[in-house]
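Participant: Listed below, chain by chain, are the residues.
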Amino acid sequence: MKKSARSWRPMLLVAILLVVAAVAVAGCGSSSSSSTSSPAPSISGFTQVPMSSDTILGAGASFPAPLYMKWGSDYAGTSGVKLNYQSIGSGGGISAIEAKTVDFGASDAPLKESDLTAKGLVQFPMVVGGVVIVVHLDGVADGQLKLTPDVLASIYMGKTTTWNDASITKLNPGVKLPATKINVVHRSDGSGTTWIFTHYLTDAAGSIWTAGADKEIPWPLGVGGKGSEGVATSVQQLSGSIGYVEYAYAKQTGMTTTQLQNKDGAWVKPSIASFASAASHADWKASLPSMYMVLVNQPGQDTWPITGASFILMQKDQADATRAKTTLDFFAWGYTSGAAAATALDYVPIPANVYDLVQKQVWPTMTVSGTPVWP
Amino acid sequence: MSTVDLEVAPSPSGPRGAAIAAPRGHKLRLGDPLFRVLATVCGITVAVAMFGLAGVLVYNSWPAITTLGTKMLTTVAWSPTQGEYGALAALAGTALSTIVAMVIAVPLALVIALLLVELVHPAVSRVVGTAIEMLAAIPSIVYGMVGLFVIVPYIQDHLVPWVLSTPLGNVPGIKPGLQFQGGGLSIFTAGVVLAFMVLPFITAVSRDVLKMVPQVTKEAGYGMGSTTWEVMHKISMRYANSGIVGAVFIGLGRALGETMAVAYLIGSVYTDLPRSIFDPGTSIASLIANQFSEATRTLDLSALIALGLILFLITVLFQILAQAWLRRVQRATGGRA
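These protein sequence lines map, in sequence, to chains E and F.
At position 219 of the first sequence the residue is numbered 213 (the numbering used here), and the sequence of numbers has no breaks.
At position 295 of the second sequence the residue is numbered 303 (the numbering used here), and the sequence of numbers has no breaks.
Quick caveat, the hints were computed from the structure, so don't treat them as lab data.
Given the structure is predicted, the values throughout are model-derived calculations rather than measurements.
Even glycine gets a Cβ: it sits at the ideal position worked out from N, Cα and C.
No incorrect hints appear here.
Taking beta-carbon pairs under 8 Å as the criterion, some of the chain F residues facing chain E (in silico):
1. Ser87
2. Thr89
3. Leu156
4. Val160
5. Gln164
6. Gln187
7. Gln189
8. Val277
9. Thr279
10. Pro288
11. Asn298
12. Gln299
13. Ser301
14. Glu302
Chain F on its own, in the form it takes in the complex (with noise of 0.2 Å):
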């Protein structure tokens, strides 16, 4: 790290380094320590708020720990009017709306940044990749109502009933389960929208990581007679390997968390393990979104905060994967990529 300093530039209505006693044209000692003192300040904010909001989740959580213990994790239902309060329906709806996005989005989005990197005019590169970056800019409620509106029709009108006419449709997981009302509202139409709204994240990231392979490496590539595909393939891909794991891990994180859209889109069925990616279920962030404002016993309440600290949990878990994931990486790689 080099060493900030700060000069006094002489300003042309008068020399404010004479205010604070340091000569023209001489050095200003002050800059550097205010700086790192600033920058104490915020590093020490960030931790606070980690590990505060750690804090209070666990505390608020407490009382549902105490009672209801692994009884948590290892119950279906979610009925605080009977007194269940199982995280599995959750869990289970929260991975497989997850996956779907990620199956829709990584492919996408990987096509998408190598089109903008390595196949379009830089104008054309830049106008789509602006577009594709205001689609991160949209509330997460206007991508549940535009779901509501548009996509919930067409997946039940159109898609699943032509998924259903071909052999797919008895393949376990995509065959109608016992919940299935149609396939509008489901965990599949959760995942499409959730697709969509990680799409940004990880076009961005991989686009500006494809960016970052030198020329001459790509162009030794096509020197030996390779192809653009092969290029692409062989030596973009691999250069930018670690950076494209990063925005996959970046896409994940926000579709595990996503909460409005999935509350509008995922059918909310809270007693039942989906059968199918067309039956209806529920997310964690979507459960919590629900069932917060009507939830006024201490339990109730203590087993929604103590759901959110599962979430924070199984997020922190995907933060340490994927750093334990690009260290292997760059060291396979000696530390190029």
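Excised from the complex, chain E in its bound form (with noise of 0.2 Å):
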């Protein structure tokens, strides 16, 4: 005890001299920032590994991080050539491939046109995937409960607060709905699955929904959860929740999904098949050449309003063109032959008339020193 009565004084000294320290280091950084305008932080949270030719780099996204590692070990076993593929996120991805560290990066949200350009990147789309709409209701069967995209935007407004409201009853005669209150939740981080969820709403009840569209939001209430099994979680263990995740995370998990009303009109239940509908009465011609699409609210019958496309970015002025092209190489593969695979992994293929649009008009933009690198 004693010994604590000394130990105060260093402590102190410490203290002030690290305030000194931090006035004095503000200081130089200043005086740098002034003449570079703003130092970017450097910090990608990304390890660079030696390039090697018969090993593909990728980073990025964590939603079609699954698919990637299973075609990436599947086409190893036929070609020789591996992927490693880093689950970083999608802003890490983009991060990824400016900064030339990865052979391609991957997004769940598209990059505009504009932001392509002034990056120098281009990207297409890889795979499918929905997002559905998961609730905890007692006595609420899977896929039994129906929504229109005002009821859905009005509940995540805070408009509707009650399960047994009209607009909620009217839709769904003969399911007993309880007198509480709706507890919504949402990402807590930022999230392709966020960015396609809002951009619905945005698109499918714009007049209600006012919060706007993008990774992350201002919410106007709810309680996020971070991640899927955030977000999951917080909806299995609350009754009265509302949430919305991956198909591919609801269905694995066992949790009570909704069906909604689409842009025909007809109510439609989430499954590989009603995204695959989204993405083939998707207009991808007008798309060219950044291939910028946002799949949601889509036309046709049987098409899940809430489907996104997660996409891939690459340098457009390629150093090597052999390793653009074991690269791409690797793509085509996974259009063609990685379709099975994809499909069991609750994902949807590309319809083959878009990878057709890739191959011709977005791949031999893609130059080493003027030259094509593809086909």
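Grab the two chains, each in its own frame, and use the hints to assemble them into the complex.
Facilitator: Listed below in structure tokens is the structure:
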């Protein structure tokens, strides 16, 4: 005890020195930042692996990661080319491809044409997935509850607050809905799933949904769950909850999903077929050359309205024609031979006509000193 | 400080000392300066790490500091997509969740420490003490998951309805606020789990401090006819006062910076000040954890690092306060405690 009587002095000294040092560094920071406007903190969360010619490096979105890894191991068996994919989030994927530490980046949200041009990247859709609405209501079966875009938007805006609200019971005659409060759950971390969901609300119920569309938005109400597992667990634990997760996640954890009314006015349940319908009804040709496509609220009787594509990003000016070709060969294999693996993992393969557009219109724009790398 | 001299022990396999040309049995003069150099290097490493950390935080948050200025500390909402970088909601959530944690953990830890030192058989004390220390070894993500699966539903389905049915339910700060979503994922829940996370630290240090109260002093108390309670309350606690305050500050520092468990439990509302402890909110550390992976624009990243700097400064401030408090107590007790 006696010892501590003396030990406070050095502590205080260290604290004071810290403040002094911080101020000093701040001074240095200001002089250097004024000349270079803003020194970008170089934190990519990504460790560079030495490039070897038989390994493709990729990084980005976590949503398609299980599929890319499955494709990687299958493809290594047939071609000998390995894939090293790091699931670090779409933002990290974009940073990594910009820094050229990977052969491709993956993002759940497409980049706009202006961003692509500015960063010198090309993008193309690789796989399609669906986002589903999950609820926790005792006595309500999977796929039983019906919701319109307006009702869903109203719930997420905080305008409809109880489950037995007339707007919901009107759609669901015969379903016993409790008089309890609706617990609204959303993602707390920035995510492609939120990007797709909020774009859907904006597109399908824009007069009610005014909170914007992005990977992370200022939510009017609700609680945030971290990651799909956070949202899923909150919904499963708390009765009266509503949330949104990727289809594969809801299916594998046996959650209660809802029906939605689509653009054509039909009631649809989430399924691989209804996501595929969205992908095939979308006007991909009009999305060229950037292939920026928001797949939500597409036409078609069988179309699930909250569908999104996951994208691949590559450098427009490639350094090494062989590496670029090797990478594209892998994707060509994924589009064709990888389709069965995609379906087995609850993803939707890209329709053949869209792949045709990609390899004829997008891939040839990638060049090594003016020479296209594909075909 | 006593000087440490290394004496070369005669080893059975042969005189190793001969290899460095020191006569057998003589004192090896090299030990002292070597240790001094080693100790100095270690000390410098710690200092470099501390100042380096502070420097990196300031350097990387500089774009945010120059662009946003004090707006970070005066606005509430954190919404990078809207160009809003307010830290008040996160500061309020950090403060509230820490207060809830300390209100639960401190009395509990003190009672457990007194129990272990004064009341139970030493064998029981060892077993229970080890169990409490093992709580500290559990990774925080595990606390987060247990909280999510067990404590969140219990609080939402049982505790909150009960609290709201009592007069407590109308007290401001407990009465559900505008953001109320059932109370499961809330500042209160995060605080409860935080309490269990800091409990082992406070308990272990308090116990060690209480153990150091001289037996003679306590026996003098008993000799004067004091009851066990009076001895604990008026002698042990007084004697251990400054050490217990130190223990509380160790727990406080940990509660302020805890990240993963809080990120899963606090409900993550970034745009509004909590009106009640049963409202969802956010803390500085959990906000950083949630937003870091998708922060790609320079300003977003820089603003998050500025949040880290704020947390760092708060922690340093609490350390200074703790030291000042200890000094005051020591003066008041004539340097005995």
